[in-house]
Structure formats: C-alpha cells, structure tokens
Amino acid sequence: MEVVVFLIVIALLGAVVLVVTAPLRARAHVRVAAREEAARADLEAAKESKYREIRDAELDYRTGKLSEADWRALDRDLRGEAVEILRRLDELDAPAADAPAPDAPGDGEPGGR
Amino acid sequence: MATVGRSCLILALGVCAYGIVASLYGASPARRAWADSGRRAVYAVAGLATVAFAILEIAFLSNDFSFSVVASHSSRTTPFFYKGAAAWSSQEGSLLLWLWLLSLWSSLVLFLVRRRLRDVTPYATAVLLGFGGFFTGLMVFAASPFALLAAAPADGVGLNPLLRHGSMMIHPPMLYSGYTLFTIPFAFAIGALAARRVDAEWITSTRRFALAAWFFLGIGILLGARWSYAELGWGGYWAWDPVENASLMPWLTGTAFIHSIMIQEKRGMLKIWNVSLVLATGTLAILGTFLVRSGILDSIHAFGASTLGIPFVLLIAAMIVASVSLVVSRRRLLHSENRLDSLLSREAAFLGNNLVLVGLCFVVFWGTFFPLISEAVTGTKAAVGPPWFSRYTVPLALVLVLLSGIGPVIAWRRATVANARRNFLVPAAVGVVTAVALVAAGGVDRKPWALAMFAVAAFVLACVWQELWRGVGARRAMSGEGPARATVSLVRRNRRRYGGYTVHVGMAVLFIGVAASSAFQHARDVVLSPGQSAKVGAYTVQYVRPRAWISVKADQIERVNLGADMRVSRGGKVLASGTTYRGYYPAQDPTLGPVSQYFDGEAESQVLIKAGLRRDFWSAIQPDLTRVQPMIDRADKAMGKMVAAGAKPAQQAVALAVLLRTIVDQYGVHPPPATFRLIDSPMVTWIWLGGLIVFGGGLIAMWPAPDAARRRVRAGYRARVAQELGRA
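So the protein sequences, as listed, match chains Y and X.
So the first sequence is numbered by my numbering: it starts at 909 and just counts up by one.
So the second sequence is numbered by my numbering: it starts at 6 and just counts up by one.
Hints are computed from structural coordinates only; laboratory data are not their basis.
Some clues are possibly wrong.
Pairs of lysine to any residue, SDA-like flavour, derived with a Cα cap of 20 Å [to be verified]: (1) Y/Lys958 <-> X/Thr209; (2) X/Lys578 <-> X/Asp685; (3) X/Lys615 <-> X/Gln627; (4) Y/Lys958 <-> X/Arg497.
All chains, please: the whole structure from these sequences, using the hints.
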C-alpha cells in the first residue's frame, strides 16, 4: 500500500513538473506565434469593447440620456478609435512588407459621420 | 489516502512558491515563457487541490473515521446528502474548499486572458498564487484536513444539526466562490498598478469575474437568510450577526465597484476610486474569511476560537499596505480624464450610489467591530444590536433604492429641465400615487419609513418599465421588428444594461418585502397545551395534539423528536395543518448519561411555515423538557446499572432504544405545555422572489455575447494554423 501511495505521489510530481515547465521547453517560433496572438487578442477585445460603447451611446441618445450634440461628438470619437483599432488589426494580418506606414493618409478617418 | 492528500498540499505549496517567483521573473517582455510557466503553476495547483478535495470527500462519504475531521464532523447516521457537505463544516475542510475554488476560478480567468494583458497578468498571477500559498500553508502547518487519529472510532460525532438544511449544502460554496472571485479583480488591480497600465482594459477583462463574485456572494447571503428563517427557530432572516455582516461588506463595496467602473469606461473618471474600491473589496473578502475563523467575535456561524487569527491579520495587513502603497505611488497615472459636469447627471447619480454603498459598508463595519472597539477603549466588550443597525441602514437603503431608479434614466453629463421632465415625470407620478393610495387604504401612516420605501420602490419599477419601453421603441424604429422580437433583441444586444435594470427591479421587490415584514410583523411567544388556541396578527393557531417519535438512520438512533400538530386558520377558514418539532441529537459528552446525551446535545427546530405572496405564518415549538427530566434521570440510572452488571453493547443499545421509546410515548400521552413562537409576517416571500429576480438579472448581465464567443473560437483556430505552419 505504501508503495502504491509513493508511486501516486511521484506520478503527481511528474505531472506537475511537465505541466509547469512546458512553456520553458517550447520552441522559439511557438513563442513568437503566441506573442503575435496576444497582440491580436488584445486588439480584438478592444474592438469588441469599442463597438459596445458605440451601440451603448446610440441607445443612450435614443432613450433620452444623451443630447444630440453630445452623442454626435462621442460617436465621432468612438468611431475614430474603432477605425484605429481595425487599422492595427489589419497591420497584424498583413505581411510585414505590405503593411501601410503608420501615418498613411486616409487611414483612421471615421466613416460616414 | 491521507498521505496522498497531504502530499498534494505540500506539492501545491511548492508550486505556489515556484509560480510566484516565475511570474514575477516573467513580468519582463523578454521572459514571457516564465510568465506562462507561472500561469501553468496555477493550473497545477488547481489539479492538486482537486485531487486533495476529492480524497477528503471520499473519506466523508465512505465514513473513514480515521480522518480526524470526518470523526468530528460526520457519523454513520448523517444522511448521505449531508455527508458531502460536512467536509466544509469543519475549519480544515473549509480551508481546502477555499483553496480549491480559488485555484479553479484563478485558472479560469488566467486561461481566458492567456493571450491578453501580457504585462498585467504576471503580477496578477503572483498575487493569486500568494493567496493560494497562504491557504495551502495554513493547511500544511496549522489545520490539516488529512490529520489522522491514532485509533479510528466506531462512529463519528455527526454533523451539527443546525447545518442539516438544504441551503447549507450550497451556502458555503456560494459564499466562498464570491470571496475567491473577488480576489481576482483585486489581483488584477494590483497587477495593473504594478505594470503601470491603469486604463480600463484590466477592468474590462475582469468585470465579468467581479460580477460573478457579486452574484455568488449574493446567492450565498440570500441562502444564509433563508436558512436563518427556516432553521434557526427565531423567525427572522437577518440578525446583523458578525459573520452575516462579514459577507455583506464585500458585497456592498463590490456592488459599488460594478457601478463605478462604468464611469471609468465611459468617461475615464474615478480611476483612483475604482482601484481603491476593488482593493478594499478584496481585503474585505479576506476579512470576512478571517472573522469566521479567528473566534474574535461571537457568532452562531463561526468555527470558534482557533490559532488562525494571527496569520490572517498578517495577510490583511500586507494587503492593506501593498494596496495603499501602490495607489499612492501611482496617483499621477490615476488622474481623471474628465470632470463631473453637473450634480444632476448620471455620473453624479453613480457617485451618490457609491457613497451610499460605502456608507452602508462603514456602518456595518463599525457595528460589527464595535465589541472590539469598545473593549479597546473602555475595557468592556459591548455589542450593538439590530435597532442600532436599523437607525443608519434604513435611511441609507431608502436613498440607495431611490438612486437605483434615478440612475438608469438620468442623462449623462448634465440633465436639462426638459429631459429631466421627460425622464422623471411618469415615474415620480407613479411613486406619489402609490404613496397616496397606501395612505388612503390605511395602516401605513404610522410607519413612515415603510411607506417611503413602497413609494420609492414603485418609482424604481416605473423608471425601469419606462426605460424598457423606450428602448424597445428605439429598437423597433431602427430594425422594424415586432414588440416581442424587439424586446428580445434589445436585451440580447445590451445584456449588461438590461441585466442591470432587472437587478434594480429585483432589489426594489426585495426591499418592499424587507420593509413590509419589518414594519408590520406581529410576533408572540405563547404557552399552549393540546386543544388550546392563540391569535397572532390575522391568524388563529391551535395546538391540536402532541407529536413525539424517534428517527432511525443506518440502524442507529439519529434523533428524538418532540413537537406538535398545529392548525392555522384566518377569518374562520382553515389555511393549513402541519407539524412543528424540535429534533434532539445525541451529544458526544461522556460526562452525560446515555439517555441525557439525547436531550442535552445539539437540537434543531423544524418550523411550520405557511408562506404566501401577501403574508407568511411562521411557528416553532420549544418543548418543556423539565417535565420529562425525572424520567430521563431514571432511565440514566437504569442504564448505569446495566453497564455495571456487564451488559454487552448490543444489549445496552436495545435497552437505550426501549427507554427512549418509553420517554417519547409518555410525552405523547401526557404532554406538558409547550412554548410556541408565532409570527405573522407580511410579504416575506417578496424577499425571496426579489432575490431570484436579482440573480436572474445578474445572469443576463454575465452571459457572454454569442458573437464574442464565435470570435474567440476563430482566434483560437488562427493561432493553431499559425503554430502548425511554423512547425512545418
């Protein structure tokens, strides 16, 4: 019985070491991919959050909690920020050589308003 | 298996220590692999805690009395249903439950943000592992759930009878989920301050966990209230007990945080306030855990005196020092991006809501710790009672409910006369009409606080109805959908907003119940013999006949029950018949005689409740044991003679059963008068209904948007493709 217990504890220890050290044993290209994915996930979350803010602002305006002037100003700012996020997402997706310069004209202009 | 359990805890302690070092070392962008390793240390702790918890549960379910905690908190007669829950009725088992839930929730949040907030998460991981290490350390060095007895007894002491209630199965895991979930925004706040990334992103990432903490802690509090009402035999649902208060304090500040983060997200304001609130909430969650375990304050819910107080005090001190230092050192980063434009604005309403909630928390804190404060100042321990709490909490609660109506409809930045009229005219009219109608109906004019609460609650319900009406109108105008479809899509697309409004409706309903049941309750303690009746409020209650019987479980006597069959009527019409009784469980006290053990041990009340939407009838019996005491004494003497004569254990068990049966039969034939507590309490059911609505709203607000879930799946696929292309 004691041997079985000893083996179980050793197996648990081995499993813990395997799980915990896996990132340290990963290859460099996997780490690079993870880094890029992290940047993309941050931007996706920011985009989602910005879209929600735009929808919220519109609902606030339509239910009488934002004046039209405040809403238009806020909406313009939020859409500008959303476009900037989309541009940075496109930069991540595009190959490095094709990526537009950060201050390329026409980028980041709010659409429609 | 105890050795495996102990080994899991020792391994978990080592993994926590490693993970803290790896996470902090991996905070530099060049050493991300170490941060990932630290994150995986949290997963490993979750795995080890799961194995340890499973071992403890198996020990309870299989009656392994070689485990000290099983022998002292379970028995063969404890129903299977409660054996599983008995694990966390002990100090040691509840520490393990804390660690298990903490590690699971921490793993979940770190898994969800594994590709995000790469600068904040290493510090947050270290903090979460710090909490894990603290609780694991307590179990390894001070209160091991895997301590073994030198010789296993044939049977255990049994679960405290007061805990044998359905809600007690769920109440502690809910409370602990709330406490442990509140450590997550705490950890991310520390991480954000340490990484100097104090934008709203850490809030966005952990908001759902703050909401989940609020949700679970709220359910725990409500289940505790329900247990108190149905089990404790005094007829109330809230007694301002220190341990109840301990769970309420982080819930109040957590509620404030959930509201004020909206101001930071929308306007970039209140950054110092938000970060301070969440740090205070995390600290209060640990303070709540400390209060239950230290024995410094007397409470029916506490584990009693223990040696765990000092480590907890050190942990709380460390949390306060770290929080204050970080907030002070990062104060320049935390400046507001905008100013408050007007006191008549949504921002001001939210700020008011926060001040009231924090004010309530302060009142509860002061009242809870008053015995310690008074002892420190005067040398005498003095406690404050429910009237003291009511003096301050009632007006504050009234303002809070009022603000829960104003908040959803008032304009951002500045409310003009025109939009204030448009938004408040109908709800204010509904509130006034409600007040006038109630005064005209009579009976409420001497209860101004209750009248005000009914009017304010009506105002809130009207505000939310109007807001939903307008939202549906706007949705229909934009999409051309029908009313039902527009309502569903409106809520689906704005879950957080309409989930929140639903919570406000639930709180209004709940406070109607609290106001009505507090202000218009009738309670009496009466002594009745069989056949006699008494009146309480609108009810007439008759003690029909005595009831006495023995409950047997696993071929052993579980408890002796003495009670009464009652008949409840109103206006001459019989509404209900039922039994209220008191169950007496045997004490494991060798100084008591074998029969006395059944009457001098723990007892639980089984109350008779006739619940309805308009009013509850509540009744509990307190049998007069002095009249049966001579029989108990004679039975003890008879048992003593049998033991002295060398009777075998089996013969003793049979004799004990016969003697107890005789006492029970005598009680049934010649019942002494019994004391009854009778209560007519209006609208208590509204409290439970309000709670259900609140938590329904919480679920709506927490539920992830389907498009977000799809996007996460797509992101996962993209990561996989990138990784596999890299390998090829």
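Lysine 958 of chain Y paired with arginine 497 of chain X [C-alpha distance capped at 20 Å]
17 Å, holds
Within 20 Å, alpha carbon to alpha carbon, are lysine 615 of chain X and glutamine 627 of chain X?
The given pair, whose Cα atoms are some 19 Å apart, holds under the 20 Å limit.
Keeping to a limit of 20 Å between CA atoms, is the pair of lysine 578 of chain X and aspartate 685 of chain X held or broken?
OK: lysine 578 of chain X and aspartate 685 of chain X at ~16 Å, within 20 Å.
Below or equal to 20 Å on CA atoms is what counts here, so check lysine 958 of chain Y against threonine 209 of chain X.
11 Å, holds
Of the numbered hints listed earlier, not one is contradicted by the structure.
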